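Novice: Single-letter residue listing:
Protein chains: 4
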Amino acid sequence: MSAPKKVVLAYSGGLDTSIILKWLQTEYGCEVVTFTADLGQGEELEPARQKAELLGIKPENIYIEDVREEFVRDFVFPMFRANAQYEGLYLLGTSIARPLISKRLIEIAEETGADAVAHGATGKGNDQVRFELAAYALNPDIKVIAPWREWDLTSRTRLIDFAEQNQIPIAKDKRGEAPFSVDANLLHTSSEGKVLEDPAVQAPDYVFQRTVHPEDAPDTPEYIEIGYEKGDPVSINGEAMSPATILTALNEYGRKHGIGRLDLVEGRFVGMKSRGIYETPGGTIMLEAHRGIESITMDRGAMHLKDELMPKYAEAIYNGFWYSPEREMLQAAIDLSQEHVTGTVRVKLYKGMVSTVGRWSDHSLYSEEHVTFEEDAGAYDQKDAAGFIQLQALRLKLIAMRNKRVK
Amino acid sequence: MSAPKKVVLAYSGGLDTSIILKWLQTEYGCEVVTFTADLGQGEELEPARQKAELLGIKPENIYIEDVREEFVRDFVFPMFRANAQYEGLYLLGTSIARPLISKRLIEIAEETGADAVAHGATGKGNDQVRFELAAYALNPDIKVIAPWREWDLTSRTRLIDFAEQNQIPIAKDKRGEAPFSVDANLLHTSSEGKVLEDPAVQAPDYVFQRTVHPEDAPDTPEYIEIGYEKGDPVSINGEAMSPATILTALNEYGRKHGIGRLDLVEGRFVGMKSRGIYETPGGTIMLEAHRGIESITMDRGAMHLKDELMPKYAEAIYNGFWYSPEREMLQAAIDLSQEHVTGTVRVKLYKGMVSTVGRWSDHSLYSEEHVTFEEDAGAYDQKDAAGFIQLQALRLKLIAMRNKRVK
Amino acid sequence: MSAPKKVVLAYSGGLDTSIILKWLQTEYGCEVVTFTADLGQGEELEPARQKAELLGIKPENIYIEDVREEFVRDFVFPMFRANAQYEGLYLLGTSIARPLISKRLIEIAEETGADAVAHGATGKGNDQVRFELAAYALNPDIKVIAPWREWDLTSRTRLIDFAEQNQIPIAKDKRGEAPFSVDANLLHTSSEGKVLEDPAVQAPDYVFQRTVHPEDAPDTPEYIEIGYEKGDPVSINGEAMSPATILTALNEYGRKHGIGRLDLVEGRFVGMKSRGIYETPGGTIMLEAHRGIESITMDRGAMHLKDELMPKYAEAIYNGFWYSPEREMLQAAIDLSQEHVTGTVRVKLYKGMVSTVGRWSDHSLYSEEHVTFEEDAGAYDQKDAAGFIQLQALRLKLIAMRNKRVK
Amino acid sequence: MSAPKKVVLAYSGGLDTSIILKWLQTEYGCEVVTFTADLGQGEELEPARQKAELLGIKPENIYIEDVREEFVRDFVFPMFRANAQYEGLYLLGTSIARPLISKRLIEIAEETGADAVAHGATGKGNDQVRFELAAYALNPDIKVIAPWREWDLTSRTRLIDFAEQNQIPIAKDKRGEAPFSVDANLLHTSSEGKVLEDPAVQAPDYVFQRTVHPEDAPDTPEYIEIGYEKGDPVSINGEAMSPATILTALNEYGRKHGIGRLDLVEGRFVGMKSRGIYETPGGTIMLEAHRGIESITMDRGAMHLKDELMPKYAEAIYNGFWYSPEREMLQAAIDLSQEHVTGTVRVKLYKGMVSTVGRWSDHSLYSEEHVTFEEDAGAYDQKDAAGFIQLQALRLKLIAMRNKRVK
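Residue numbers (UniProt numbering), protein chains in the order written: chain A, 1 to 407; chain S, 1 to 407; chain V, 1 to 407; chain W, 1 to 407.
Keep in mind the hints are simulated off the structure, nothing from the lab.
Model, not experiment: these values are computed from the prediction.
Note that the Cβ used here is the ideal one computed from N, Cα and C, for glycine as well.
Take the hints with a grain of salt, since some may be wrong.
[Claimed, not checked] Partial list, derived from the structure: chain V residues whose beta carbon lies under 10 Å from chain S:
#1 Q41
#2 D362
#3 L394
[What the hints assert, rightly or not] Calculated cross-link-like contacts (lysine to aspartate or glutamate; reagent style EDC-like; alpha-carbon spacing at most 16 Å):
#4 A:K348 / A:D205
#5 V:K22 / V:D152
#6 A:K143 / A:E107
#7 V:K404 / W:E107
#8 A:K348 / S:D205
#9 V:K404 / W:D141
#10 V:K407 / S:E229
#11 A:K230 / A:D362
#12 S:K103 / S:D38
#13 A:K407 / W:E229
#14 S:K172 / S:D161
#15 V:K407 / S:D362
#16 S:K143 / W:D381
#17 S:K22 / S:D161
#18 S:K348 / A:D205
[As the list claims (entries may be wrong)] Just the calculated beta-carbon pair ranges, DEER-fashion:
#19 S:S242 / A:P204: 34 to 40 Å
#20 S:K383 / W:D152: 45 to 51 Å
#21 V:R73 / S:E150: 45 to 51 Å
#22 A:D141 / W:R156: 28 to 34 Å
Produce the complete structure using the sequences and hints provided.
Specialist: As structure tokens, this is what we get:
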């Protein structure tokens, strides 16, 4: 790879990406463009602008954007249509944000004539893969710089030294090692590393940042009604909301009731297992509610196919293949299944739990007439079941007869 | 079908199967053998014996058996190795009991020279299919009698009339219609019908029989440690237990903490949707704990394959294909994956929730050395990730180059 | 089911459906509308009109249509995009024609105010299921009459008697039993029953009607070039053709070279196994050529997903679920994968074989630069493979270390 | 990686692996152990011994073994039980040999106290991955040396120079570049590279080495009967044979009739597409015959599951994951399905084609009684089909009613 001339850096404004910024300037002598996105991580963006300026970035090279609506509408919602859970449990809160960041990095590279992008993910994790696969899928000629895989700043001490030598301001609490590392966006907060590295040991209370402890949640349940249209939530208690607004509101409900905590050991794409603490308050409510509305509006044939495809779909996103033909094929199938996933779900929120307690829809496939224990009004002839069973049984009978014969 | 001469009836001792018993005698003039099983439904069996005798069944034709250990060891545990959930949520508590009952019916038919078996499932549900497919798979020549599909006792009034005409004792509370119908065994209790038929309306509190309301559960969490061997739970807090004993104990933990309630609308195999209220206290704990121990002992390749196979496996059980080559093939794959699923999981029980908070095992694949944020001791070379990503990206780059070219 | 008043009958003009026509009139006293379709079965349609008139059908109730283009464009081509083969081999020639016939039956029922449709498929085969599932999916209120499951004309003698009593003309060769039964359309001819019922015995030469014997095919290979656009064949040797025209032309190539014969025992949806002799000359060429063009234009990720979905897709069509949400979901995924399946394939036709010998496309993903044995020009760094392998191996190493440890 | 002390080299005796042998000695100064296997590639092994001795290998460090029986019994046959075809067509002849070679390399390393193994695969292909994943899975501590990824002998000229400088004998025809490269074993011969690199251009006749041209094959078909036991071929025309013997015999039949040629563009695991010419004469006959015997002895449920799993299984083998938990899980399922795959298949061999023309078995599930067009003898009640269809249709009707309602 020839040396990059101009690099678009995914820049948080924090110490680590500030060090990367400076390192790019000194190591490659290249011009740096910063991209700072509001994905709902709950940090102000203006300090990132000031810090970038302080580090010598020209104003026209500083991109700061609120992408929350795009994030929820084009990434989070499509994923939740699939009820995606990686390894049965993880709601993919980190995974789903990476392709959007890469997409903007590539777009900004095109706008600014940059020939490279850079990110602050380490060489041990999944995020490097997600950033880079998305980048290459969107621009096969782009250069990607991953300083953590390249440089020799491999200890906290060296990083701090580098920062000091380069006049990078260091917040007091960043001098020492953090007891764990955090990633956050509108969908979730993940925490991992250090104090969390032994999967036998319960995560300390102070790790949780996004939800109250279930024990501290209200002693009275709260009920909300979530409206759905074509598989996406569109209202709470009858009030219509935009994608980011509704997720924000659901996050607040979830936070208050201690909903969406997950302590997981998962298999990383790069090969080892890792342990993460995830808080996905609104997402956990959405998963439950979405299954609730699907349960009355989606046919069994569609649902079972969807359930079979889901692990593959979740794996594609986890592994960084958002921009791949297989994810897009799966999405096409999933989206088609959502055409009638419209209606309302009533959920109960209480001490860490979200439970569907009612659901209704003009698009419902539920037919009381067919299922009732009451005497039939002709909708269903129980005698049909005899023929149904006989033909279902025929192959099993033929096997049994064969097995008896050859024994 | 020629008329049956001797029928083995799945007999609960309740009013409905007593009516069936008498109807078989009068309609077909055939000898009846009764089979009453203790599957952990929580009812005494001796009254069933007395009632059968009262209805004229010869003592040698009355089979009463405690099959709880066999049920848990050979049916429930193999199913939980798969983390089976039908339509994403249902733990298959009713489905998994049916093949065992059919197996004993067929065995007793062979012992007693009976040419038919009979069951009390209606013509609208899944259970008729499960009973009959299992029966035919085990004995292709057996006759199966399903009175609910045949007779004209199609209203409560007619049933009661028939009972009175035939001197069948009727408990007071059975004269009127029950507000919902119940099925129970050691794994779960399901309730459906009548007051539950409108899926928009929250299930009334009195429907729940197996678990306390989460609101009434203890205000302090309780922690237990579940030991696993080759995918099956074998101990609680260090105390070894048999399969049925451990499930009974977990049920008690679950009951106390209000764990395992599910309000579900599901797609029946016979075609319509139905709404059920399920309580699976111990099973819900087992599902969480099993995922917990798998998370450190099972490789990603095995786990993802298992996750992809699960919906098909759950569907096979739900639809009544326990005794089918496809279920057995899936079981062979799943069982092989459990060879090292041995270790201990610590779970927190609190107000309806069960959460894994720690897990450890001699068979663990988790390697702190590989995952640590600390400086590498050589276990993992971050530079390998660059090559890994380049080759993963290659096909995406080739697609991007092609798409650019043909646009 | 209340008695039908007006029935649309799938009418071939042959003896069997003529008997059905008369039987409907006499049994139900209902008005009959006939629908005769040219699906490319190779029979003239005008005799069907005359016969219908002779049997008393009013001219406005006689529908005769050439649906070949629709058949190939909307049914055959979408299916071939999937490379669908049931049980690994069968190209689904009969299965794919049924939904189209049902679709027209239902449309004509709506046009003519008929309340029922009827077909001539027996109660043992798959076709009854296919006709009826499609009909019910398109009009849930329609009545379907399947005379072969209802009447008592269950022997050849009775059928002939009925025909004679009702002045139905009987062709000489129809008096006796045919040595096997045949279904044909533009895609294939299938033969089954009678002389073919013993799967151990080779099918006699006279069964084959659509292809020459490979031994009688030309001694010199012939090469043709098939042009593809978005997954569908559009030209032969550079000459553009409509869907039905190109399949007709490929059939002629296949016929001449003895291509597309298949002797298969398959598992029917209704439970038993049956043996069929299929001739699918053009379809067999299309399958090979489609795989050929996909091989250079479709990414591995898309192709492998498609290959995994295929058996499920083929099963859906075989079982009669063309008009089902799951088939439509799979189709959406498959169709998306075909966006760039555009280019040309050169195939060799010789004595029963069709083999791809060359393929090229502007949409090709094949990159000589990347694959060449020649010294690298920088497109691919072989050292990347080391990192790729290390990370792929990591989980296998961790397993091996664990297994060694616990042994 | 610390420098290896003793290396087991997969040694063919040819020029390339002789250069590697010498390079290992000079580059690493390490002791070399050679392993030369007879996998049925059709070359004598004794010259490899002499050459190894000439290059200074101690006699006790020269391993020469005939592993043909193990290869067919433990690798080829298990794979053919799955009907494995990568990307729909490739019979995996190269892929399946690699794990066996790695297994022996690792075993010999343990016997001889070697700390490393080496192979002659390049950095662009799949074989490096297959060799190395198998090696690491069997010994996580082993070092693997892949000289083609390390050295600077990156042109034919440099290789020849190195050989001359090191007194490595060079056969005359090895001085220049071969027009394509070849891999062979008892299952297949593959050819790729150079003259084959343009996938638009038909492979020249001289590329084919293992089969006669179909045009030159006998003008008269030949019929053989292959006996199967539990999914594996065990006899030809009634003569029992060992695994390697029967594959050798089938290869001869295939060679003579020009069977098993394939011209394929495939997606490599390392990311690019490549074109290969494969000749798999006996394997192609086995695939057809195995499907033939399965068709009468294997239930539809098992077969469809197997067909769905196959692409994943083939991909695992192609990608080098023979020794992985997922391949072993799939194998367990597949092997279970073969318990009754016992019987005889009659195939016709003619001019490049192999076609099943008859099959019979004591384990057959085919029931003439059930399938016959003749009047029923009670085995099957056609009226059952009506109920079967009604219940299959119910969900489709409910969808149709819903769709009509909400439109």
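Novice: None of the hints should be skipped; say for each whether it holds.
Specialist: Going through the hints against the structure:
no.: 1; hint: Q41; verdict: violated (34 Å)
no.: 2; hint: D362; verdict: holds (6 Å)
no.: 3; hint: L394; verdict: holds (7 Å)
no.: 4; hint: A:K348 / A:D205; verdict: violated (25 Å)
no.: 5; hint: V:K22 / V:D152; verdict: holds (14 Å)
no.: 6; hint: A:K143 / A:E107; verdict: holds (14 Å)
no.: 7; hint: V:K404 / W:E107; verdict: holds (15 Å)
no.: 8; hint: A:K348 / S:D205; verdict: holds (14 Å)
no.: 9; hint: V:K404 / W:D141; verdict: holds (11 Å)
no.: 10; hint: V:K407 / S:E229; verdict: holds (15 Å)
no.: 11; hint: A:K230 / A:D362; verdict: holds (12 Å)
no.: 12; hint: S:K103 / S:D38; verdict: holds (14 Å)
no.: 13; hint: A:K407 / W:E229; verdict: holds (15 Å)
no.: 14; hint: S:K172 / S:D161; verdict: holds (14 Å)
no.: 15; hint: V:K407 / S:D362; verdict: holds (11 Å)
no.: 16; hint: S:K143 / W:D381; verdict: holds (15 Å)
no.: 17; hint: S:K22 / S:D161; verdict: holds (13 Å)
no.: 18; hint: S:K348 / A:D205; verdict: holds (14 Å)
no.: 19; hint: S:S242 / A:P204: 34 to 40 Å; verdict: holds (37 Å)
no.: 20; hint: S:K383 / W:D152: 45 to 51 Å; verdict: violated (20 Å)
no.: 21; hint: V:R73 / S:E150: 45 to 51 Å; verdict: holds (49 Å)
no.: 22; hint: A:D141 / W:R156: 28 to 34 Å; verdict: holds (31 Å)
The structure does not agree with the numbered hints 1, 4 and 20 stated previously, though it agrees with the rest.
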